[in-house]
Structures are given as structure tokens and as C-alpha cells.
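A.B. asks: Here my numbering is used: the first residue of the sequence shown is 1, the next is one more, and so on.
Please note that the accuracy of each hint is not assured.
To be verified - Restraint ranges, calculated between C-beta atoms of paired labels, are given here:
1) Val60 - Ala96: 26 to 32 Å
2) Leu377 - Arg77: 27 to 33 Å
3) Ala14 - Val178: 45 to 51 Å
4) Ala57 - Ser311: 28 to 34 Å
5) Ile88 - Glu6: 33 to 39 Å
6) Ile95 - Leu319: 41 to 47 Å
7) Gly220 - Thr103: 38 to 44 Å
8) Gly134 - Ala250: 43 to 49 Å
9) Val155 - Ser311: 27 to 33 Å
10) Ala96 - Val400: 51 to 57 Å
11) Thr385 - Ala14: 18 to 24 Å
12) Gly134 - Arg192: 16 to 22 Å
13) Leu320 - Arg11: 30 to 36 Å
Don't read these hints as lab results, they were simulated from the structure. For glycine and all other residues, C-beta sits at the position ideal for the given N, C-alpha and C.
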Amino acid sequence: MNKYRELLRKREFALLWGGATVSALGDGMSFVALVWLIIERGGTPADVGLFAAVYTAPVVIGGIAAGVILDRFDPRRVIAADNVIRGIAIASVPIASVLGVLTTAQLFVVAAVYGLLFMTSVAGIPTLIPTVVGRDDLTTANALESISYGIAGLVGPTVAGLVIAVLGAPAVLAIDAVTYAVFVACLLAMRRPEPATRSARAASGASVGARVASGGGGIGPAVRFILGSPAVLTITVMYMSLNLGSGISAVLLPIYARDVLEGGPTTYGLLLSALTAGELAGLLIVGAINWRWPLGRSIAGATLIGGLIASTLLLRPPLLPLLVILVAWGLTESSLTPWAQTIRMRLIPPEMRGRVFALLRTFMQSTRPIGAILGGLLLVGADITPAVLAIALLGGVPGVVGLLIPALGREATADPLPVN
């Protein structure tokens with residue numbers, strides 16, 4: 001754990017990570033509270049589904065705009081502005097509740113604002129990370145970023161449920177509004193990062209990006225960079241495939257708990273906890289060690305192993321073996337994000353990080369809801385076999401292909417490039 005302690009002693013990163021973690025925890029609480037308010041106000045399952053779509057769909061539009069803005073202005077202030085606006089939107093709900101004027105329409109507007117601006121911080125944080133940590137610390141920093149989301153996903157809903165039971169859903173949103181304020185304070189306390197220099201661009205290893213960086217400040221150069229960088233493009237396609245599988249698994253696990261294990265909500269929660277525990281343990285390990293194998297090849301290998309582990313669900317294991325399988329699955333897949341982020345940070349030119357990260361994360365997130373819809377279709381007949389096969393193939397096949405692609409075994413996908 002020395003790598004974590006050393007990294008968190010760096011003031012700028014500690015402020016960024018600490019503020020982002022607090023804010024992510026608040027986000028993990030808010031969705032539960034907002035959905036509960038919809039239900040309390042007589043919402044139907046169709047209303048909840050529509051609300052979830054409004055909460056996530058604007059990400060595609062907001063993500064494209066966020067990338068351009070992040071590259072044009074100081075990312076700290078852009079992310080701070082995003083958190084101010086979303087914090088005000090979230091705070092409007094408990095205020096309206098106290099005044100007795102809260103409406104269902106307001107909840108949908110708040111969800112739309114959240115979705116529209118969500119990608120600003122999601123793309124902005126990896127844009128800032130390379131400016132506050134050294135190249136040797138990138139994987140540890142990226143592991144910590146992923147740990148933030150893991151903690152939020154594990155703890156946030158549970159805390160939200162407890163607060164809702166004691167104080168009501170509006171109180172959860174009031175707490176989340178405070179977390180936004182904490183993140184803003186941390187961002188404003190950070191020193192302004194040094195502007196990108198020629199040596200910094202060389203250190204990024206972005207030979208492809210250098211050829212397209214002069215294409216202007218729009219989204220076009222970012223698209224050309226992605227298409228012209230085999231490693232970035234390959235990893236992105238792999239992640240889009242994995243997120244399709246993740247969407248299917250989100251539908252599969254509750255069905256497995258009910259139909260195969262003959263359990264209820266407690267069993268389902270236990271399965272999710274095992275998967276999350278594996279992910280968090282894997283992230284802690286990846287960020288704490290000096291990984292010597294080529295990162296690109298490691299991502300492909302881990303993807304293949306994850307697909308093979310998923311295929312064991314075809315055997316319909318009982319609860320205890322299944323928990324072990326889910327922990328192993330989480331351990332395997334948790335390493336992918338820090339490694340992929342490190343490769344991207346080495347390759348993407350500093351002057352277009354905002355646009356490229358926004359596009360990449362928008363592309364990758366877009367396939368998860370598609371996977372959920374596909375999972376529903378595959379499980380219509382109550383037979384889990386088609387869904388499990390789909391998950392295994394969506395991980396295993398890209399993993400095999402990735403092992404065969406030369407771009408994942410050289411340059412920035414392997415070892416840090418020397419600084420010229």
C-alpha cells in the first residue's frame with residue numbers, strides 16, 4: 001500500500017481524488033432517493049423506467065460538448081462549474097419539498113440536468129490526473145479513481161436506504177448537495193496545472209495525436225485521433241463489448257438469484273456484494289504493485305479470462321461456489337480500467353484529452369443500456385443459457401482478438417516511453 005500512501009501525500013491529487021470520492025458517494029445515494037420519490041408520488045414501473053432513461057440518455061449530448069469545453073478552458077473550473085450547477089439542481093428538490101411545492105415534473109428536470117452534465121466530471125477527472133501525478137503513478141491514480149466509483153456503488157445505495165427510512169428521501173438529496181460543494185471547494189483549492197508544453201506532449205507518447213492535434217478545437221480532431229490510434233480504438237471496442245455483457249449480467253443476476261438459487265432480494269444483494277468486493281480487491285492490488293507485463297496484452301488476457309469465468313455459470317453453481325466465481329470475476333475485470341486509462345493518458349495529447357476522454361467514455365457507456373435490453377430479450381424464456389453464452393462471448397472473443405493485435409503489445413501499451 002506504499003504506492004497509495006505516497007500518491008495521496010501529493011496535495012493536488014489528494015484534493016482531486018478526495019473531492020471526487022465524496023461527490024461520487026453522494027451520486028450513489030441520490031439516484032436511489034430520486035427513484036423513491038417517483039414511487040412515493042404514485043409512479044408506475046413505466047414512470048421509473050422513463051425516469052432512468054432521462055437520468056442517463058442526455059449523457060450522449062452532454063459528453064460531446066463537455067470534451068470541447070474541457071480542452072478550451074481550465075478543467076478545474078469547468079468541473080467546478082458542473083458541480084455547482086448539478087448541486088443547485090439536486091438541492092432544489094429538498095427545498096421544494098420543505099416549501100410543499102415539489103412536483104414529479106421537477107424530478108424529471110433534475111434528472112435531465114444531471115444526465116446532461118454528468119460527463120463533464122467523468123471526462124474531466126482523467127483529463128486532470130496526468131497534470132497532477134507522474135507517469136509512474138498513473139496506474140495507481142487510475143485505480144484510485146475506479147475505487148471511488150466502487151465505494152460509491154457499494155456504500156451509496158445502502159446509506160441512502162437508511163437515511164430515507166429515518167429522515168426521508170429529500171434529506172438524502174440535501175446531503176448530496178453538500179457533497180457537490182465539498183468537491184467544488186477541493187477543485188478551487190488546487191493549483192492551476194501548467195499548460196501543455198512540447199515536452200509534455202512528447203511524454204504522452206502521442207505520435208498519432210501529434211499529427212492531428214493541429215486540426216482545431218472541435219470534435220473532429222478527437223475522432224480522427226481515436227480512429228488513427230489502433231491501441232485506443234481496439235481497447236475502446238473491447239470495452240464497448242464488455243459493457244454489452246455487463247448490461248446483460250445486470251439482468252441475469254437477479255433472475256439467477258430467483259430462478260436458479262430460489263432466493264429473494266437478500267440473495268441478489270449478496271451476489272452483487274460478492275462481485276463488487278472482488279472488483280474493489282482487484283483495484284487495490286493493481287494500484288499497489290508494479291505491473292511488468294505489457295498493459296495492452298494484459299487487458300486482452302484479463303478480458304479473455306473474465307469471459308471464461310463467466311462461462312462457468314452454465315453449470316448453474318449453487319450459492320457458495322457462485323460467490324467465489326463472482327469474486328474471481330470481479331478481481332479479473334477490475335484491473336481493466338486502470339490499465340486502459342494509463343494507456344490512454346500516455347497516448348492522448350494533452351491539448352485534446354478532454355475531447356477524447358469525453359468521446360471514449362460516451363461511446364463505452366452507450367452500450368450498457370443496450371446490453372440490458374438484450375439481456376431482457378435473452379431471458380424471456382427463463383433459460384439463462386443464452387444470456388450466459390452471450391456474456392462469455394462478449395468477453396472471450398475480444399480478448400482473443402486483442403492478444404493478436406500488435407498495437408496492444410508495444411509502445412505506450414507496454415512500458416512508459418522515454419521523455420525526449
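A.B. asks: Give a verdict on every hint.
C.D. replies: Here is what the structure says about each hint:
1. Val60 - Ala96: 26 to 32 Å: 28 Å, holds
2. Leu377 - Arg77: 27 to 33 Å: Check failed, 44 Å falls outside 27 to 33 Å.
3. Ala14 - Val178: 45 to 51 Å: 20 Å, violated
4. Ala57 - Ser311: 28 to 34 Å: 32 Å, holds
5. Ile88 - Glu6: 33 to 39 Å: About 37 Å separates the Cβ atoms of Ile88 and Glu6, which means 33 to 39 Å holds.
6. Ile95 - Leu319: 41 to 47 Å: 45 Å, holds
7. Gly220 - Thr103: 38 to 44 Å: The hint (38 to 44 Å, Cβ to Cβ) holds, given that Gly220 and Thr103 are roughly 41 Å apart.
8. Gly134 - Ala250: 43 to 49 Å: 37 Å, violated
9. Val155 - Ser311: 27 to 33 Å: 31 Å, holds
10. Ala96 - Val400: 51 to 57 Å: About 53 Å separates the Cβ atoms of Ala96 and Val400, which means 51 to 57 Å holds.
11. Thr385 - Ala14: 18 to 24 Å: Once the Cβ atoms are compared, 48 Å apart, the range 18 to 24 Å for Ala14 and Thr385 is violated.
12. Gly134 - Arg192: 16 to 22 Å: About 18 Å separates the Cβ atoms of Gly134 and Arg192, which means 16 to 22 Å holds.
13. Leu320 - Arg11: 30 to 36 Å: 45 Å, violated
In summary, the numbered hints that this structure violates are 2, 3, 8, 11, 13.
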